[in-house]
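There are 2 protein chains.
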Amino acid sequence: MKRVIAADIGGTNIRLALIEEDGTIVDEKRSRAELSRHRLRSQYNAELHVINTLADIIAPFAELHGVNRIGMGFPGFFHSQSGRLASSPNLPLLQDFALTERLAKELGMSVAVENDALCAAIGEHRYGAGKGQNNLLHITLGTGIGSGLILNGMPYSGEHGMAMEFGHLCIEHHDGLLCGCGNHGCVEAYASATAVIRSFTERTGEQHDAKAIFALAQAGNASAQAVLQDAGKYLGMAIAEAVKLLDVSTITLSGGLSGAWEILHPALMSELDVNLIPPLKGKEIVLRSTLDDNAGLLGAATIAFGI
Amino acid sequence: MKRVIAADIGGTNIRLALIEEDGTIVDEKRSRAELSRHRLRSQYNAELHVINTLADIIAPFAELHGVNRIGMGFPGFFHSQSGRLASSPNLPLLQDFALTERLAKELGMSVAVENDALCAAIGEHRYGAGKGQNNLLHITLGTGIGSGLILNGMPYSGEHGMAMEFGHLCIEHHDGLLCGCGNHGCVEAYASATAVIRSFTERTGEQHDAKAIFALAQAGNASAQAVLQDAGKYLGMAIAEAVKLLDVSTITLSGGLSGAWEILHPALMSELDVNLIPPLKGKEIVLRSTLDDNAGLLGAATIAFGI
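Protein chains in written order, with the numbering used here: chain A, 155 to 461; chain B, 155 to 461.
Hint data in this document are derived by calculation from the structure and do not stem from the laboratory. Model, not experiment: these values are computed from the prediction. Glycine included, C-beta positions come from ideal geometry on N, C-alpha and C. Watch out, some of these pointers could steer you wrong.
What the hints assert, rightly or not - To be clear about the criterion: a stretch of chain B counts as covered by chain A if any three or more of its residues have a C-beta under 8 Å from a C-beta of chain A, and this derived list gives those stretches: (1) 200-208; (2) 328-340; (3) 391-402; (4) 431-441.
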């Protein structure tokens, strides 16, 4: 069976996996790697640092498995025409960078790269809860909110590779909470894991991670239930806006916060229904990811297989 | 040069045109026709009434010009797979109706039909201000707000033909104005011609149509200027949401209210910029339609030509 290397690039972690065409993850490796270094001052040095860091981690893994084809999910925006990395919020020195070509040359391998949130959507569409759907909106609920879109069976990345900034849809136009992007009222400021954690602390004075808050909610803690219901409600509001524009029927959710499914999902569905126009009401299904953490890796494998 | 018949179907008016492949409108005819009759009670009768009414108007015009190919913009939602009319808000008796096939059989002509707002987008993309763009969001500011989307050069109509319900994006989540769709806070309730007329009356007690309000604004009337600036501002807010999801660079506006361009456009651009995330700021252009009322007809011609 054909095999490729898949890579999921985070700010401080790199996950590599050997994946077969049916989606089986045969081997996996996690490495720590600081791609963004503050002492790097020039684009030239930043490019060199990124290429060398990636190559040093990938090459031995690829060699070990005798595979010369890699797909990668990378946190950044890619020009849809040229495939160049336009920019990366966490690596501001990289601008209009031919990441794919440079890495392919350095590794002597075939390399395919795509935005990390879009990779998760591609993986969920190919191997997960969105399998067989013509259109899919996939949302990752983590520290922030990422998302990716499949339209007519194909990944859609927009004019500047910045499509599906779903996390920055505005759901509160008056005195909205400040978002990491600098704007106010973004759904990310209300429904990410970070937002849930902050909201719980504001209510109770206690500090817990998202998993613990979910456990508290299950045990009947009213504050924990309320913050998770609120997160679901705000997500439902934002999903309604996306559905009114895109008329997608299937929405999948992954990421830490989707663990609170039993509370999140009913709150989300009820608010989604309220906000849709009548002919769209009841036409949407929102599913929990069946791949979760592995959606990005499996999407990276998909682009490497070229399927 | 190849010629087709284009039809733009409204609630009480039907426009027909003979159009050449370069977009020249050679001949045009307007007819009154009540497609929705309240005494029709069965779907069977409603279908018959629509087919007969359309055929009676189209056949003589087609015969006169010796043309046997027609494209039509129709107010309704079309299944993207089957091409059947799923539903039409103004003609509720029509459900899952094979409009295209039935009309083709009745006329003995080749017939292509698409949603009217999407037709306007197709026309603007093929012959108007959106010519040559890969992606386009076209918005029609009339009694309501319609819109259509071109992605990767192709019309995008969504899973149930209901994509781009742009007019029903929510821009006010608290005590928003009631919209015709039954929800509150839709941009259509704030920035359609109807909304501007109502808002002006609320401010001044005077009743004027949109054109007159624009003339007053140009003559320095502060209330007229304020309601048009508000409409622009709300449009900018809604366009920002669409851009965050779709990353389209070119937005075109047509319809009566776009006549107030000098006031509408600056208010819109400034609010759009405020609401975009930083990497998208400054990347959008919003253009006034160069086809205006004819965008729908030219889009209908485009689908008839099969281009």
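In rising order, the numbers of the hints this structure does not comply with = Violated hint: only 1; rest satisfied.
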